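> Below, each chain spelled out in residue letters.
4 protein chains.
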Amino acid sequence: MTIRVTVWGENRHEQLEPEVAKRYPNGMHGAVAEGIEANLGEGVTVRTATLDDPEHGLTEEVLQNTDVLTWWGHAAHAEVSDEVVDRVQRHVLAGMGLVVLHSGHWSKIFQRLMGTSCTLRWRSEHDRELLWTVDPTHPIAQGVPHPLIIEEDEMYGEFFDIPAPDEIVFISSFTGGEVFRSGITFKRGFGKIFYFRPGDQDFPTYFHEGVRKVISNAVEWAVTVRPERTDPVLLRYDTEDFYNGQGYQGALDPEKQK
Amino acid sequence: MTIRVTVWGENRHEQLEPEVAKRYPNGMHGAVAEGIEANLGEGVTVRTATLDDPEHGLTEEVLQNTDVLTWWGHAAHAEVSDEVVDRVQRHVLAGMGLVVLHSGHWSKIFQRLMGTSCTLRWRSEHDRELLWTVDPTHPIAQGVPHPLIIEEDEMYGEFFDIPAPDEIVFISSFTGGEVFRSGITFKRGFGKIFYFRPGDQDFPTYFHEGVRKVISNAVEWAVTVRPERTDPVLLRYDTEDFYNGQGYQGALDPEKQK
Amino acid sequence: MTIRVTVWGENRHEQLEPEVAKRYPNGMHGAVAEGIEANLGEGVTVRTATLDDPEHGLTEEVLQNTDVLTWWGHAAHAEVSDEVVDRVQRHVLAGMGLVVLHSGHWSKIFQRLMGTSCTLRWRSEHDRELLWTVDPTHPIAQGVPHPLIIEEDEMYGEFFDIPAPDEIVFISSFTGGEVFRSGITFKRGFGKIFYFRPGDQDFPTYFHEGVRKVISNAVEWAVTVRPERTDPVLLRYDTEDFYNGQGYQGALDPEKQK
Amino acid sequence: MTIRVTVWGENRHEQLEPEVAKRYPNGMHGAVAEGIEANLGEGVTVRTATLDDPEHGLTEEVLQNTDVLTWWGHAAHAEVSDEVVDRVQRHVLAGMGLVVLHSGHWSKIFQRLMGTSCTLRWRSEHDRELLWTVDPTHPIAQGVPHPLIIEEDEMYGEFFDIPAPDEIVFISSFTGGEVFRSGITFKRGFGKIFYFRPGDQDFPTYFHEGVRKVISNAVEWAVTVRPERTDPVLLRYDTEDFYNGQGYQGALDPEKQK
Numbered sequence: 001m002t003i004r005v006t007v008w009g010e011n012r013h014e015q016l017e018p019e020v021a022k023r024y025p026n027g028m029h030g031a032v033a034e035g036i037e038a039n040l041g042e043g044v045t046v047r048t049a050t051l052d053d054p055e056h057g058l059t060e061e062v063l064q065n066t067d068v069l070t071w072w073g074h075a076a077h078a079e080v081s082d083e084v085v086d087r088v089q090r091h092v093l094a095g096m097g098l099v100v101l102h103s104g105h106w107s108k109i110f111q112r113l114m115g116t117s118c119t120l121r122w123r124s125e126h127d128r129e130l131l132w133t134v135d136p137t138h139p140i141a142q143g144v145p146h147p148l149i150i151e152e153d154e155m156y157g158e159f160f161d162i163p164a165p166d167e168i169v170f171i172s173s174f175t176g177g178e179v180f181r182s183g184i185t186f187k188r189g190f191g192k193i194f195y196f197r198p199g200d201q202d203f204p205t206y207f208h209e210g211v212r213k214v215i216s217n218a219v220e221w222a223v224t225v226r227p228e229r230t231d232p233v234l235l236r237y238d239t240e241d242f243y244n245g246q247g248y249q250g251a252l253d254p255e256k257q258k
Numbered sequence: 001m002t003i004r005v006t007v008w009g010e011n012r013h014e015q016l017e018p019e020v021a022k023r024y025p026n027g028m029h030g031a032v033a034e035g036i037e038a039n040l041g042e043g044v045t046v047r048t049a050t051l052d053d054p055e056h057g058l059t060e061e062v063l064q065n066t067d068v069l070t071w072w073g074h075a076a077h078a079e080v081s082d083e084v085v086d087r088v089q090r091h092v093l094a095g096m097g098l099v100v101l102h103s104g105h106w107s108k109i110f111q112r113l114m115g116t117s118c119t120l121r122w123r124s125e126h127d128r129e130l131l132w133t134v135d136p137t138h139p140i141a142q143g144v145p146h147p148l149i150i151e152e153d154e155m156y157g158e159f160f161d162i163p164a165p166d167e168i169v170f171i172s173s174f175t176g177g178e179v180f181r182s183g184i185t186f187k188r189g190f191g192k193i194f195y196f197r198p199g200d201q202d203f204p205t206y207f208h209e210g211v212r213k214v215i216s217n218a219v220e221w222a223v224t225v226r227p228e229r230t231d232p233v234l235l236r237y238d239t240e241d242f243y244n245g246q247g248y249q250g251a252l253d254p255e256k257q258k
Numbered sequence: 001m002t003i004r005v006t007v008w009g010e011n012r013h014e015q016l017e018p019e020v021a022k023r024y025p026n027g028m029h030g031a032v033a034e035g036i037e038a039n040l041g042e043g044v045t046v047r048t049a050t051l052d053d054p055e056h057g058l059t060e061e062v063l064q065n066t067d068v069l070t071w072w073g074h075a076a077h078a079e080v081s082d083e084v085v086d087r088v089q090r091h092v093l094a095g096m097g098l099v100v101l102h103s104g105h106w107s108k109i110f111q112r113l114m115g116t117s118c119t120l121r122w123r124s125e126h127d128r129e130l131l132w133t134v135d136p137t138h139p140i141a142q143g144v145p146h147p148l149i150i151e152e153d154e155m156y157g158e159f160f161d162i163p164a165p166d167e168i169v170f171i172s173s174f175t176g177g178e179v180f181r182s183g184i185t186f187k188r189g190f191g192k193i194f195y196f197r198p199g200d201q202d203f204p205t206y207f208h209e210g211v212r213k214v215i216s217n218a219v220e221w222a223v224t225v226r227p228e229r230t231d232p233v234l235l236r237y238d239t240e241d242f243y244n245g246q247g248y249q250g251a252l253d254p255e256k257q258k
Numbered sequence: 001m002t003i004r005v006t007v008w009g010e011n012r013h014e015q016l017e018p019e020v021a022k023r024y025p026n027g028m029h030g031a032v033a034e035g036i037e038a039n040l041g042e043g044v045t046v047r048t049a050t051l052d053d054p055e056h057g058l059t060e061e062v063l064q065n066t067d068v069l070t071w072w073g074h075a076a077h078a079e080v081s082d083e084v085v086d087r088v089q090r091h092v093l094a095g096m097g098l099v100v101l102h103s104g105h106w107s108k109i110f111q112r113l114m115g116t117s118c119t120l121r122w123r124s125e126h127d128r129e130l131l132w133t134v135d136p137t138h139p140i141a142q143g144v145p146h147p148l149i150i151e152e153d154e155m156y157g158e159f160f161d162i163p164a165p166d167e168i169v170f171i172s173s174f175t176g177g178e179v180f181r182s183g184i185t186f187k188r189g190f191g192k193i194f195y196f197r198p199g200d201q202d203f204p205t206y207f208h209e210g211v212r213k214v215i216s217n218a219v220e221w222a223v224t225v226r227p228e229r230t231d232p233v234l235l236r237y238d239t240e241d242f243y244n245g246q247g248y249q250g251a252l253d254p255e256k257q258k
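Residue numbers (UniProt numbering), protein chains in the order written: chain P, 1 to 258; chain R, 1 to 258; chain W, 1 to 258; chain S, 1 to 258.
Just so you know, the hints here were simulated from the structure itself, not pulled from any lab data.
Predicted model only: the values in this text are computed from it and were never measured.
Nothing false has been slipped in among the hints.
The list treats identical chains as one, so a pair stands whether inside a single copy or across any two.
Once the Cα atoms are required to be at most 27 angstroms apart in a straight line, the calculated DSS-like pairs of lysine-lysine come out as:
id, residue 1, residue 2
1, LYS187, LYS213
2, LYS256, LYS22
3, LYS256, LYS108
4, LYS108, LYS187
Turn these sequences into a full structure, and let the hints guide you.
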């Protein structure tokens, strides 16, 4: 089965900063999309969507036809509409996969799904990053060097304010000595989430073969194995009737209010 | 040191349903508060706050002087103002303990901190509940019978749509055969959260000695061991300057936009 | 690729107790093997091995050609040779999958891999068991009713003395009200382990379609995704030589002992 | 209540290598003991025991009177008797705390409790180690600088072959860029275990104030909150008789063998 991927990019640095536009001539979202296609080939169909598209390119129809959404944002997190964030959250809880990249840690959608501030320490000074695999049997780690070496990238360091991840796949160190939980998984509702640290606008990280391999592995991993997308629901079940739930009628029983 | 507890109660069933008012003459919040005082005595000062108080009784000043907040709501989750939910979340992330009770699973604040729908299956039919300890070395399980027997209470069953808890302390079964992760812990930011299932308005659960013991243990457990409450922050650190972070200056560098 | 499964059975009850022999005419291992074949068909080749085979049927060659080993034992745990237990543990740590069934909780190999006593509470009195899925996106839960109903089986209850599982897939309740973490996963070394509770010699549990589905799902899940089986090793690495480890030369440096 | 601590040291490097004897004139165990006393003062009574003591100084009586055992070994893991390892494991499962230090990762007792090979990568080349707190609300992290800086120590790097820890408190990086899960907790049976990485015989690590603070915090944390030490047991429970288990009578029913 073909995985339908939507690569979302904020696409602002590319418009405002000539250096970034030069580094990423097809946009950062373009580079991410190309990396996924290069690795997964016929197994995937990739579209891109950006902040300035109507509804940020994430209409109900687009999301219904998306198995895995990847998310990169940075300068304009606040401009993402709450309505779209609600919609993306609903689809994740119903089973859509989500791969959050780098500065997406501070996006509304990641904060919404984590419940925490998602703050961290950082520095943009050409640190070398080494990503070490601490879960070598994880699908996302397959075919990835140990360590994965990124010659230069922005530094993110702990404390990273997130819930304890379900799984830690990669831990990074940087030239300056900081460490970071760089590849981490979470299940929320019926959806699977992978956060992956590398990928700043000021470095050509999304052309790195190893980074592209990890993102592609994550896309494959994040596809739900459930047969269809359904919302988690609250239902009442009669005794011994285990399979037929009944819809919620409200919290207050009119009969009792006398 | 004295633990400063604020017991929050929605206090609507008690006003609208004579049976509930009779069952809980001091309100459900009153019964919860009494149970904590009975167990922790001089070690605790307890105040109560309810939905109809100004700002729901949860002003900035009250929260700053609260070590642990307990939360019971049911019929009026939607009436809790988003501003107060923001405030409570901020205090939890900064280190305030939170004990969420029973139907509080569907409160705005619990959904906010979990990132999921917090839905489940349920039935109000006088099921007996048995709570089994699956983490016998946990502080919250000390002095609690194994199993803890509640003669009748509402049933909550799986699937409970929550993130995988950091720790599962209790698992319940019910007369009808359903099971539920009934006593579970989460860390979010610098705060500790305990969710505890028992306690419906239609049953005298909050007078049960074992239930009161668990809630009191949870209050003691949820107090942070950090010396003061601070917000998680995003800071920039220069190389080799590990201890002096600098505030965020924005995502776009004016120098680069040419 | 075909999954090579070895179904290990103690095969003692079948020889000593006529009722069990009648219930399981091909042995319990035979019933487990048939269930896996019925579900996975061409995707699997299944052999069986029993306690009374030379080396319990688990020679080095057999294990090298086993992707997933299933284990059922009960009356004769002590008769399993430590040498075979060492061998199985080594293969699990190198990447062989292991599915431990029911009373296998008290086997030497499970205790060895857990590090705990693996004790529990139990009763053999025809309790009905309901298995509830608490991780609905897990591959092992796919195609399994929620709940899975087993009309009668032995009861196992908490406290089950095991390490906190990596994942809890199923939680059971029993007629008597006990609960149990019934379907749980662990990674050890490069190997994946699933423990599954149902399956007593006194009940026809291994003919149950749902039980067979779970075991078959577990077999598929337990196959490592790593390309080959390798032992975890301790190696010395020179600075900046990240990929070429050197063998251990011993703890004491003769040069320093003067 | 006073915490009774037994500090176990292999005490071989100190006898065989003059440099180590000079660095640690009271033995490494002596330095560890002094650090605990310096931090916990009247709250603790500390004794030491070494490999060459009868029964390695870990008789049944000593262990019964030990709340927390710390363990450092390296050159002579193989000389530790299996009988003593059995005894220590039994006491841990019954509730004794265990703090495993540095090269104790490869001790029989740690391997026994983990079930894995406990292998890793290493280098002894004066790397600087930075320990970063990733669980800032954990008791073991209180009063510890973030990061904790150790000017030079042996390097340990991932992959560290251990079960996924219950909690990760510290992650280290080294000058060479390696990372390591350096402060990690596990519950086994009724006992609490903390593994802490720093502390090689070739460096004065156990005189470092921050290292001593962490070990002292770990000692306090590892004391069980259960009122007494009891072995996990397997017991049969009749229906509705939840509190009176009955001893195991064997796996085979003589009545059924006809």
